[in-house]
Amino acid sequence: MLAEKAVASKKRFSRVKAVINSTFLIIIVLGLWTFWIEPSSLTVNRTTLQISHWPAQFNQFKIVAISDLHVGAPYVSLEKLKRIVEMANAEQPDLIVLLGDYVIQDVVGGNFIAPEDFAPELGRLKAKHGVYAVLGNHDWWLEGPRIKRSFEGAGVRVLSNEAVRIAEGETGFWLAGIDDFWSRHHNISKTLNQITTKEPIIALNHSPDIFPELPDQISLTLCGHTHGGQVNIPWLRTKVLPSRYGDRFLAGHIEEDGKHLFVTKGIGTSGLPARFLAAPEIAVLTVIASE
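Counting from 0, one number per residue, gives the positions in the sequence shown under numbering that gives the first Met the number 0.
Do not take every clue at face value.
[What the hints assert, rightly or not] Taking lysine-lysine and the DSSO-like style, the derived pairs with C-alpha atoms no more than 30 angstroms apart in a straight line are:
{"id": "1", "residue 1": "Lys81", "residue 2": "Lys125"}
{"id": "2", "residue 1": "Lys81", "residue 2": "Lys16"}
{"id": "3", "residue 1": "Lys16", "residue 2": "Lys61"}
{"id": "4", "residue 1": "Lys189", "residue 2": "Lys127"}
{"id": "5", "residue 1": "Lys61", "residue 2": "Lys238"}
{"id": "6", "residue 1": "Lys238", "residue 2": "Lys258"}
{"id": "7", "residue 1": "Lys79", "residue 2": "Lys127"}
{"id": "8", "residue 1": "Lys197", "residue 2": "Lys127"}
{"id": "9", "residue 1": "Lys127", "residue 2": "Lys258"}
{"id": "10", "residue 1": "Lys147", "residue 2": "Lys125"}
{"id": "11", "residue 1": "Lys189", "residue 2": "Lys81"}
{"id": "12", "residue 1": "Lys79", "residue 2": "Lys125"}
[What the hints assert, rightly or not] Pair by pair, the computed Cβ-Cβ distance ranges are:
{"id": "13", "residue 1": "Thr195", "residue 2": "Arg45", "range": "27 to 37 angstroms"}
{"id": "14", "residue 1": "Phe111", "residue 2": "Glu169", "range": "38 to 48 angstroms"}
{"id": "15", "residue 1": "Arg123", "residue 2": "Val28", "range": "35 to 45 angstroms"}
{"id": "16", "residue 1": "Glu151", "residue 2": "Val28", "range": "40 to 50 angstroms"}
{"id": "17", "residue 1": "Asn186", "residue 2": "Gln59", "range": "26 to 36 angstroms"}
{"id": "18", "residue 1": "Glu151", "residue 2": "Arg45", "range": "22 to 32 angstroms"}
{"id": "19", "residue 1": "Thr195", "residue 2": "Asp215", "range": "15 to 25 angstroms"}
{"id": "20", "residue 1": "Arg164", "residue 2": "Pro144", "range": "21 to 31 angstroms"}
{"id": "21", "residue 1": "Leu24", "residue 2": "Arg243", "range": "12 to 22 angstroms"}
{"id": "22", "residue 1": "Leu31", "residue 2": "Asp256", "range": "39 to 49 angstroms"}
{"id": "23", "residue 1": "Leu24", "residue 2": "Gly245", "range": "13 to 23 angstroms"}
{"id": "24", "residue 1": "Glu85", "residue 2": "Gly251", "range": "35 to 45 angstroms"}
{"id": "25", "residue 1": "Gly30", "residue 2": "Pro233", "range": "18 to 28 angstroms"}
{"id": "26", "residue 1": "Lys189", "residue 2": "Ile27", "range": "51 to 61 angstroms"}
If you are wondering where the hints come from, they were derived from the structure by calculation, not from laboratory data.
We put the beta carbon where it would ideally sit given N, CA and C, even for glycine.
Generate the whole structure from the sequences, applying the supplied hints.
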């Protein structure tokens, strides 16, 4: 009888030990994935967007959208930035838009890199109709005018409550770069008052929280800021997601009341150098006219 109890006790101990070992292994794997494998990865996310009244002359118009570089964060070195630029150029885009948060503040394990040092690399971006940028909250927290000078010195136009027309012959559309929703005065009316035709409008802003405030005349809005949740666990992301709307504008293509929004998950990290189910991405958008 004692022998049988000893055997049963030994079996229970073995099962408990196996559970502990398995749990420990899962924690190690998840840790490696969250703090190393996923944040150091880089994917190209391709999306086709059907937009009403989009000009036939610009059908299959390819936009590369890059956001939240956070250059100097772990896994976003100058060498990594060079790779990002090469991948973007390889898409042979019609337009490249940069959607803010290029620098870092207080990222664990980060190494601050001055905009004067990485802007020349962004100046290597090439697109048929140019490269345009808006600034994000981290950029303004550092020094917005300094970053704008660095970018424009490298050939990247920064739009600050400004609109520019993109045209081929007599056909065109407007690019409206609106200042950051959270850290600046996002003057929508000032920006749209610069638009002199009834052609489609693509709005650029760092934060998707601007989306509900934009009028119906804007065909498509492109944003970053959310990092796709960065650590994309539902109960956790809603607590840390930098949006007054929770995860309503988390990532990807969102359509509400006929208006289109695309939120890219971006590339770098803020705070902890971690990503989980929110892999860094270069967004490649192909815009076509809806039937």
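Point to revise | Broken hints, by number | key: Failing hints, ascending: 2, 3, 5, 11, 21, 23, 24.
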